[in-house]
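Can you build the whole structure from these sequences, using the hints too?
Listed in order, the protein sequences are those of chains A and B. Here my numbering is used: the first residue of the first sequence is 34, the next is one more, and so on. Here my numbering is used: the first residue of the second sequence is 4, the next is one more, and so on.
A hint or two may mislead.
As the list claims (entries may be wrong) - Beyond 12 Å from chain B on every Cβ pair, some chain A residues (computed):
(1) I114
(2) N132
(3) D166
(4) R188
(5) L217
(6) D231
(7) R262
(8) T333
(9) D360
(10) G363
To be verified - The calculated lysine-lysine pairs, modelled on DSSO-like cross-linking and capped at a C-alpha distance of 27 Å, are:
(11) A/K170 x B/K178
(12) B/K190 x A/K138
(13) B/K190 x A/K170
(14) B/K190 x A/K167
(15) A/K170 x A/K138
(16) A/K52 x B/K190
(17) B/K178 x A/K168
(18) B/K190 x B/K178
(19) A/K138 x A/K167
(20) B/K190 x A/K168
(21) B/K178 x A/K52
Read the hints as simulated data drawn from the structure, not as lab findings. All C-beta atoms in this analysis are idealised placements derived from N, C-alpha and C, irrespective of residue type, glycine included.
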Amino acid sequence: MGRLEIDRLRKTFGRGGDKVEAVSELSLSVADGELLVLVGPSGCGKSTTLNCIAGLESVTEGEVVIDGEVVTEKRPEDRDIAMVFQNYALYPHMTAAGNLEFGLKMTTDLSAANRRERVESTAELLDIGELLDKKPKSLSGGQKQRVALGRAIIRDPAVFLMDEPLSNLDASLRSTMRTEIQQLQDDLDVTTVYVTHDQTEAMTMADRIAIMYEGELQQVGQPLECYYRPRNKFVAEFIGEPAMNMLRVTRRGDQFVADGFEYPVPERADGLPSGEPFTLGVRPGAIDIVEPETGVATGTVEVVEPLGETSHAHLNIADTTVTVTTDGPGSVEEGTQVDIDFPAQRAHLFDAGSGVAVARRDGLPGDQTESYPNPRYD
Amino acid sequence: MAGSTDTTVDGRRAGISWSRIRRYGYDGLTYLVYALAIAFFLFPVLWVLSLSLRTEGAVYTSLELIPSDPSLGSYREVLDSGILGWMGNTLFVAVLSVTGILVVTTPAAYGFSRFRFRGRRTLLLAVLGFQMISPIVIVLPLYEIMRTLGLTESHAGLVLLYIGLQIPFSLWLLKGYFDTIPTELDKAARIDGCNRLQTLRYVLLRPVMPGIAVVAIFNFVLTWSEFVMAYTMLSSGGEGLYTLSMGIYVFDNQLATQWTNVAAAAVVGIVPIIVFFVALQRYFVRGLTEGAVKG
Ligand SMILES: Nc1ncnc2c1ncn2[C@@H]1O[C@H](COP(=O)(O)OP(=O)(O)OP(=O)(O)O)[C@@H](O)[C@H]1O
Ligand SMILES: [Mg+2]
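Written out as structure tokens, the structure reads:
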């Protein structure tokens, strides 16, 4: 069992003039066995949040509750958590076995034989049996990360905390380890908070993702929910690759207009006031190139980046760059004029000032009769 | 990098490329500079060794490095004097000083490296400030203080002085070393159930060992050969209290003309340092060259 709740967590560093609020008013709950991924750009407070959960940092305000028990004032080892770090943080003078065993030695009164048994069964689970007698220095990055995972697993914690565990690995190893961690988490059914700034990891691994920006939680939800129904402009731009196109538009009657652009107001946005500015967002993958004179805007193709199956075309529409994901080579030529269009369901609208999403669509593509292409990652 | 000069694919391998000549040129120059530096530092030592092996008469008459008529006479004479006792004193003082310095500075450096407390910066700078003061400048007031405390003419007093004087430098050096060890190790240790002291004892002490070795060797060499403080604190006591450097000074005075004895005493005094250094040089070199402990 391991239900984790964070209640109005606030954490500030420093005093007076150079005070930094690293986390503000963060509330979250993670269900037993759930894998929650905490994402956000560098410096947004992800690690600080994790450290507060772990008890490595004291909280300024708020509470951390594990399994109904308030642990805010407890020491890390009394919180029934284990943590995996980005740089592995293996004890350099101990063998892999020593690294696994150390926590048991310090926190339990298991006999040496019992500890050895636990070490061996954990090693077997992670397939690191042959590495047990090696020092960290002679292990590869992937092996180190396995040992680090083992050191967390062996404690049999209620909550796993992982701070960018894969970001020191090269791309191919990262994707194998990603699957492995996911499977392991599934098998062990341990509540996990996983920090990353890699949105591929976030989208593919998470049961739910929590997106943070400047210490504040922006949105929590299933990955596709955040992708298709972002709560604000930040989430919309942060999730998805390439980033969502944003256009400054004004509502004029039943059209959203901008220079060289005119889009009929979707039904769900009927209530929005006329004459007001909005930000209209649309993902590159949602845009279609259509027959001349039939689109909502005409643009000049400035650059085409071929990726194989698809290409990214950057269009200039009245001095605004709009990125479109098109079919592979040959579908658009640099320097030509093209018309674009996109379905009303794929248009996102945001308040021009606050960036809060307005008139969000209902439901996700899977719930609808119409079908949309899946988001592309990697 | 190396591949770019050694195994080129552009056909220049056949001839001798300029870059190669330049590289060998630089290498040669490096060795030449090394050789000069080594000769510069080694020559006085060899000369002392040479002097110590001569007969008294050959000191002024011969310029040859290897004496034609070597004699161990001066060693016999030196060893028959009080030198072994003085060496014992020096060893006692040096070992206690180094131990004391490490006992104080290891936890202190850990604290300064890992904790952010009020006044931390000020304290660190104050410590550095003390380092700026040359011991020679304060030797007289120090003597007064030690006399008031009744600690002159005692090895304990000298040890305390050495510890006090060497803490600033050692603390800074060791703190710098702790700073290179990733704090994630501390975090991992705390999650594994260590309190702060256990973190230091079980997790950080080993990675920081090269740094500790540097501090130990540096201070051992320093206290082993230190003269001014020792002379000030101990010279009013009997010869039985003397340290090695004081003893050699006495030799110099009493037997002013006996250069071979002074040289032999110097050689006897150097040997333990060399032994100590060779024993720990693995750590010393690692401590100076290797920065952080990675993963
Ligand atoms: N010990 C500290 N003292 C002062 N400020 C800190 C401290 N730790 C973190 N901060 C500040 O708090 C903010 C959040 O930092 P944090 O490390 O949580 O970010 P992060 O989201 O983990 O970023 P990254 O992706 O780069 O790891 C940053 O502005 C950082 O400068
Ligand atoms: Mg971080």
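Hints violated by the structure (numbers, ascending): Hints 1, 2, 4 are the ones this structure does not satisfy, whereas the remaining hints hold.
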